[in-house]
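Fit chain B to the supplied structure of chain Y, relying on the hints for placement.
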Amino acid sequence: MGKIIEFENVSFRYEADEDGMLLPLALKDISLSVEQGSFVAVLGHNGSGKSTFAKLTNAINIPEEGRVLVNGLDTREEKNIDEIRRIVGMVFQNPDNQIVATIVEDDVAFGPENLGVEPAEIRSRVDDALNAVGMYDFRESEPYKLSGGQKQRVAIAGVIAMQTQCIVLDEPTAMLDPNGRKEVLSTIKRLNKERGITVVLVTHFMDEAVQADRVVVIDNGRIYLDGTPREVFSQAEKLIAAGLDVPQATQLAKYLNSNGIDIRTDILNEEECIEAIFSLLRSK
Amino acid sequence: MVRDITIGQYFPGKSLLHRMDPRVKIVLTLIFIFVIFFCKNFFALGLMAAFLIGGICISGVPFKMLLKSLKAIMVIVVITGLLNLFYAAGGNVLLDLGFAKITDKGVYTAIFMTVRIACLIIGSSLMTYTTTPTMLTDAIERLLSPLKVFNIQVNTLAMMMTLALRFIPTLIEEIDKIMNAQKARGADLENGNLIQRAKALVPILVPLFVSSFRRAYELAFAMECRCYTGSNKRTRMKQMKLSWLDLLFVIGIAVLVTGVILFNHFFTHLI
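For the protein sequence lines, the chains are Y and B, in the order given. Positions 1 to 284 (the working numbering) are the ones given, in order, by the first sequence. Positions 1 to 271 (the working numbering) are the ones given, in order, by the second sequence.
Honestly, the hints are just simulated from the structure, not real lab data. Treat the hints with care, as some may be off.
Claimed, not checked - Residues of chain Y placed beyond 10 Å of chain B at every Cβ, according to the derived structure: (1) GLY2; (2) GLU8; (3) ASN9; (4) MET175; (5) HIS204; (6) ALA236; (7) ALA241; (8) THR265.
To be verified - Cross-link-like lysine-lysine pairs, in silico, BS3-like; alpha carbons within 30 Å at most: (9) B:LYS233 x Y:LYS79; (10) B:LYS177 x Y:LYS182; (11) Y:LYS145 x Y:LYS189; (12) B:LYS233 x Y:LYS55; (13) B:LYS199 x B:LYS177; (14) Y:LYS145 x B:LYS14; (15) Y:LYS79 x B:LYS148; (16) B:LYS177 x Y:LYS145; (17) Y:LYS145 x B:LYS68; (18) Y:LYS145 x B:LYS238; (19) B:LYS64 x Y:LYS145.
Because the structure is a prediction, the values reported are computed rather than measured. All C-beta atoms in this analysis are idealised placements derived from N, C-alpha and C, irrespective of residue type, glycine included.
Only chain Y is shown next, with the shape it has when bound in the complex (with noise of 0.2 Å):
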């Protein structure tokens, strides 16, 4: 499979502040690729710079050092810019800030019409994008009337409407409500499956990247953990160390594991936990 984004040896740093002192570098000689199709989580807590790697994968932010490729495309280049963006959509934290029309279909309508698509082109892909969120009922609604998670999944079809390949979301769930969390969620994961587009997650709940095909650890603006969740999340000190939490059922099973108790440490969540658990009585 090939790659969509490729970061080689990426530093980056926000512009200096008024007083014209130079802020320390957000992100450190970050080297990392993303395959075509995956689902990846990037992790950190507030102030890794997870949200700084969000931004340079379509060119929001440019690297100080260092390359991002998008599909090959380099992002310091200005005429690539409208590519890569047509390649990488971004759905933000706040959805009140994203959403620009006042009716949901004109929403999501806005990115191809920006790319000057033809008006019947843009209605099929609208409803298409609709129907891949299961926001299609509300195609006419006002989006002030809607929930958090429903104005979400309107902003993810407004990006699926633009046909893009990869869609990077940066805490999407962050302001929603636990139900709104799982609508997102849910909708994420299907486009992941059935559509193939390549998901980079950022996020900071660990319920959320454990469904990732690949979880990446951000801190102090260095890749601190990268591997398959199960590989990310069986080093629970590491993650702590780091000011992460530990998927509560992984926590348990170490808890267990320390006191003696013959059980897996690689648990991910309640299900193999519950499953582990079950297994182990019965054995007794």
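Chain B only, in chain Y's frame:
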């Protein structure tokens, strides 16, 4: 509460007036207003009023709602009526109050002026009642598009209008939150004289401005991510198409204008 606010004064419906092309609606309303000022006598004005009542019946907008829009400018209507009643020159004296005389001409002009203003206001509110704000901005954008020749960024202006409409409910919600937050800290918003109350607004407006700028900043990012450049290459999903319906209304207005001209010229001797 906040969930129920309607922007503008749209009355949802599917009548012929609702389905009419908003561009045609705006133009015809302008013509209608224009023609009102050319009515010279009651026959012409009566024709306009009859046409308007017909329009109201078609639209299905309750008459009460339209009267409400008239309420806002009631003072102006009354003052205009009274001024005309007392100060119109000439005619036969009907009533002598000593300080002023009421003549038949005065009564006539007073009624004429009142009806004229009522037609004006009801006519234009009928348009806003049957057109969503979104459709209005779209139509204005398209009507103004010839101005592109003079290098005026019409689609940027339209984008600004759309965003303003879009953010009204969001900002109302925000004001609500800030007010509650300040009340929780002991801010007194209801008591005191005008100056004190105006001062109490400062701790509400400052956070509102700060958060609006933050929103604008984030929105700009989001729009950029969706390839918005403000260029003229933008297409629109919803195309406006003229239909037989619009032609029907155009013909209607044309008949009306002809009627008014006829009445103005041939029935002057009746009064």
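Status of the hints after comparison with the structure:
{"no.": "1", "hint": "GLY2", "verdict": "holds (23 Å)"}
{"no.": "2", "hint": "GLU8", "verdict": "holds (23 Å)"}
{"no.": "3", "hint": "ASN9", "verdict": "holds (25 Å)"}
{"no.": "4", "hint": "MET175", "verdict": "holds (12 Å)"}
{"no.": "5", "hint": "HIS204", "verdict": "holds (19 Å)"}
{"no.": "6", "hint": "ALA236", "verdict": "holds (35 Å)"}
{"no.": "7", "hint": "ALA241", "verdict": "holds (32 Å)"}
{"no.": "8", "hint": "THR265", "verdict": "holds (40 Å)"}
{"no.": "9", "hint": "B:LYS233 x Y:LYS79", "verdict": "holds (17 Å)"}
{"no.": "10", "hint": "B:LYS177 x Y:LYS182", "verdict": "holds (26 Å)"}
{"no.": "11", "hint": "Y:LYS145 x Y:LYS189", "verdict": "holds (25 Å)"}
{"no.": "12", "hint": "B:LYS233 x Y:LYS55", "verdict": "holds (26 Å)"}
{"no.": "13", "hint": "B:LYS199 x B:LYS177", "verdict": "holds (19 Å)"}
{"no.": "14", "hint": "Y:LYS145 x B:LYS14", "verdict": "holds (22 Å)"}
{"no.": "15", "hint": "Y:LYS79 x B:LYS148", "verdict": "holds (26 Å)"}
{"no.": "16", "hint": "B:LYS177 x Y:LYS145", "verdict": "holds (17 Å)"}
{"no.": "17", "hint": "Y:LYS145 x B:LYS68", "verdict": "holds (26 Å)"}
{"no.": "18", "hint": "Y:LYS145 x B:LYS238", "verdict": "holds (22 Å)"}
{"no.": "19", "hint": "B:LYS64 x Y:LYS145", "verdict": "holds (27 Å)"}
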